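Chains as they are written, first to last, in the working numbering: chain V, 279 to 392; chain H, 3 to 115.
I should point out that these hints are in silico values taken from the structure, not numbers from a laboratory. No experiment lies behind these values; they were computed from the predicted model shown. Each residue gets a CB set at the ideal place from its N, CA and C atoms; glycine is no exception. Keep in mind that the hints are not guaranteed to be accurate.
To be verified - Selected chain H positions facing chain V (in silico; Cβ < 10 Å):
#, residue
1, 9
2, 15
3, 16
4, 38
5, 40
6, 43
7, 44
8, 46
9, 47
10, 48
11, 91
12, 103
13, 104
14, 105
15, 107
16, 108
Stated by the list, open to error - As a list, the in silico SDA-like pairs of lysine to any residue whose alpha-carbon atoms are at most 20 Å apart:
#, chain 1, residue 1, chain 2, residue 2
17, H, 3, V, 336
18, H, 3, V, 319
19, H, 73, H, 55
20, H, 3, V, 339
21, V, 335, H, 102
22, V, 348, V, 328
23, V, 281, H, 43
24, V, 335, V, 297
25, H, 39, V, 317
26, H, 3, V, 337
27, V, 296, V, 341
28, V, 281, H, 41
29, H, 3, V, 338
30, H, 3, H, 31
31, H, 39, V, 287
32, H, 3, H, 73
33, V, 335, V, 323
34, V, 335, H, 97
35, V, 335, H, 4
36, H, 39, V, 283
37, V, 335, V, 365
38, V, 335, H, 5
39, H, 73, H, 43
40, H, 3, V, 320
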Amino acid sequence: DVKVTQSSRYLVKRTGEKVFLECVQDMDHENMFWYRQDPGLGLRLIYFSYDVKMKEKGDIPEGYSVSREKKERFSLILESASTNQTSMYLCASSFPQELGQPQHFGDGTRLSIL
Amino acid sequence: KNQVEQSPQSLIILEGKNCTLQCNYTVSPFSNLRWHKQDTGRGPVSLTIMTFSENTKSNGRYTATLDADTKQSSLHITASQLSDSASYICVVSSLNAGNMLTFGGGTRLMVKP
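Excised from the complex, chain V in its bound form (with noise of 0.2 Å):
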């Protein structure tokens, strides 16, 4: 079974702290996702890679970076947290998006920041 394993299920931090949101997949998928889940807005997609040391932003990057040194590991950095980053956020992964190829979702991080 394809494995996708989020650090933390629930994470406290104050507001201008730098935070960190790690995600591991073991199926050697090229492809990583972070998404943020809010009520009534479905997923957003934040950041993706589909190499490694590669990134490309996608609809809402304002305020994240990511990282991606090793291919099963794939890092969303909050730069300075603000309480408007309150949020569920998925790490997700597949390989290259060919057509049928689902997307394995990870349980999610439940992030507040006061």
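Given the coordinates of chain V, work out where chain H should sit on it, guided by the hints.
Below, chain H alone, put in the same frame as chain V:
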């Protein structure tokens, strides 16, 4: 702008009953459509994936339909069980921008005994 709209936003049914969830999309050019189930506190899990040429696809008690002409999809759940209580998310992939995904807001289903 690519959009995916789902209805209803929430639904309560009795155990054993059937239900149908709707998904309308404006994503173009269309690549494929997926239905995901997301249990509370968990990440989404893929139920079905359909391409342009597929009209229907089943996964156990879940049956998805796709009408690419009207850009509508439905997810039918037969003989519902308590474990079907979850959010169901419709996701549409576009051939542009490397098959990027547009997510619907989900339908929250509650199955009561």
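Results of checking the hints against the structure:
1. A hinted interface residue such as residue 9 of chain H counts as satisfied when its beta carbon comes closer than 10 Å to some beta carbon of chain V; here the least separation is about 13 Å, so the hint is violated.
2. The beta carbon of residue 15 of chain H is not positioned within 10 Å of any beta carbon in chain V (closest approach about 22 Å), and the interface hint is therefore violated.
3. Interface hint at residue 16 of chain H: violated, since its Cβ lies 26 Å from the closest Cβ of chain V, which is beyond the 10 Å cut-off.
4. The beta carbon of residue 38 of chain H is positioned within 10 Å of a beta carbon in chain V (closest approach about 8 Å), and the interface hint is therefore held.
5. Interface hint status for residue 40 of chain H: upheld, as the beta-carbon distance to the closest one in chain V is roughly 8 Å, under 10 Å.
6. Interface hint at residue 43 of chain H: satisfied, since its Cβ lies 7 Å from the closest Cβ of chain V, which is below the 10 Å cut-off.
7. Checking residue 44 of chain H against chain V by beta carbon gives a least distance of about 5 Å; that is within 10 Å, so the hint holds.
8. Evaluation of the residue 46 of chain H hint against chain V yields a held restraint, the C-beta minimum of about 5 Å falling below 10 Å.
9. Using the Cβ-Cβ criterion of 10 Å, the hint placing residue 47 of chain H at the interface with chain V is satisfied: the shortest such distance is roughly 7 Å.
10. Because the smallest distance between the Cβ of residue 48 of chain H and any Cβ of chain V comes to about 4 Å, under 10 Å, the interface hint for this residue holds.
11. The closest approach between the C-beta of residue 91 of chain H and any C-beta of chain V is roughly 7 Å, which is under the 10 Å cut-off, so the hint is satisfied.
12. Annotation: interface hint on residue 103 of chain H holds; nearest CB of chain V at approximately 7 Å, less than 10 Å.
13. The interface hint given for residue 104 of chain H is met, as the beta carbon of that residue sits about 9 Å from the closest beta carbon of chain V, less than 10 Å.
14. Interface restraint check: residue 105 of chain H against chain V, minimum CB-CB distance 4 Å, threshold 10 Å, status holds.
15. For residue 107 of chain H, the suggested interface contact is upheld, since its CB lies about 4 Å from the closest CB of chain V, less than 10 Å.
16. About 6 Å separates the beta-carbon of residue 108 of chain H from the nearest beta-carbon of chain V, less than 10 Å, and the hint is met.
17. About 14 Å separates the Cα atoms of residue 3 of chain H and residue 336 of chain V, which keeps this hinted pair within 20 Å; it holds.
18. For the hint pairing residue 3 of chain H with residue 319 of chain V, the CA-to-CA distance comes to about 15 Å; that is within 20 Å, so the pair holds.
19. Among the hinted pairs, residue 73 of chain H with residue 55 of chain H is consistent with the structure: their alpha-carbon atoms are about 13 Å apart, no more than 20 Å.
20. Taking the CA atoms of residue 3 of chain H and residue 339 of chain V, the gap is near 18 Å; set against the 20 Å cutoff, the hint holds.
21. Among the hinted pairs, residue 335 of chain V with residue 102 of chain H is consistent with the structure: their alpha-carbon atoms are about 12 Å apart, no more than 20 Å.
22. At roughly 12 Å between alpha-carbon atoms, residue 348 of chain V and residue 328 of chain V fall within 20 Å of each other, so this suggested pair holds.
23. Simply put, residue 281 of chain V and residue 43 of chain H have alpha-carbon atoms about 16 Å apart, close enough for the 20 Å limit, and the pair holds.
24. Between residue 335 of chain V and residue 297 of chain V the alpha-carbon distance is near 19 Å, which keeps this suggested pair within the 20 Å criterion.
25. Distance hint between residue 39 of chain H and residue 317 of chain V is fulfilled; the C-alpha atoms sit about 16 Å from each other, no more than 20 Å.
26. Of the pairs offered as hints, the one joining residue 3 of chain H and residue 337 of chain V holds, with about 12 Å between alpha carbons and a cut-off of 20 Å not exceeded.
27. This hinted pair checks out: residue 296 of chain V and residue 341 of chain V have alpha carbons roughly 11 Å apart, not beyond 20 Å.
28. Taken as a hint, the residue 281 of chain V and residue 41 of chain H pair is honoured in the structure, with Cα atoms around 17 Å apart against an allowance of 20 Å.
29. Straight-line distance between C-alpha atoms of residue 3 of chain H and residue 338 of chain V comes to about 15 Å, which keeps the hinted pair within the 20 Å bound.
30. For a cut-off of 20 Å, the pair hint linking residue 3 of chain H to residue 31 of chain H stands: about 12 Å separates their Cα positions.
31. Only pairs whose Cα atoms come within 20 Å are accepted, and residue 39 of chain H paired with residue 287 of chain V is accepted, the gap being roughly 19 Å.
32. Taking the CA atoms of residue 3 of chain H and residue 73 of chain H, the gap is about 15 Å. The hint holds against a cut of 20 Å.
33. Proximity of residue 335 of chain V to residue 323 of chain V is assessed by CA-CA distance (about 8 Å); at most 20 Å being required, the pair is judged to hold.
34. The hinted pair formed by residue 335 of chain V and residue 97 of chain H meets the criterion: a straight-line CA distance of about 18 Å does not exceed 20 Å.
35. Only pairs whose Cα atoms come within 20 Å are accepted, and residue 335 of chain V paired with residue 4 of chain H is accepted, the gap being roughly 17 Å.
36. A distance of roughly 18 Å separates the Cα atoms of residue 39 of chain H and residue 283 of chain V; the hinted pair therefore holds under the 20 Å criterion.
37. With a C-alpha separation of about 19 Å, the suggested pair residue 335 of chain V and residue 365 of chain V falls inside the 20 Å cut-off, and the hint holds.
38. A distance of roughly 19 Å separates the Cα atoms of residue 335 of chain V and residue 5 of chain H; the hinted pair therefore holds under the 20 Å criterion.
39. Under the criterion of a C-alpha separation no larger than 20 Å, the hint pairing residue 73 of chain H with residue 43 of chain H is inconsistent with the structure, at around 30 Å.
40. Distance restraint check for residue 3 of chain H and residue 320 of chain V: the Cα-Cα separation of roughly 16 Å lies within the 20 Å cut-off, and the hinted pair is therefore satisfied.
The structure shown violates the earlier hints numbered 1, 2, 3, 39.
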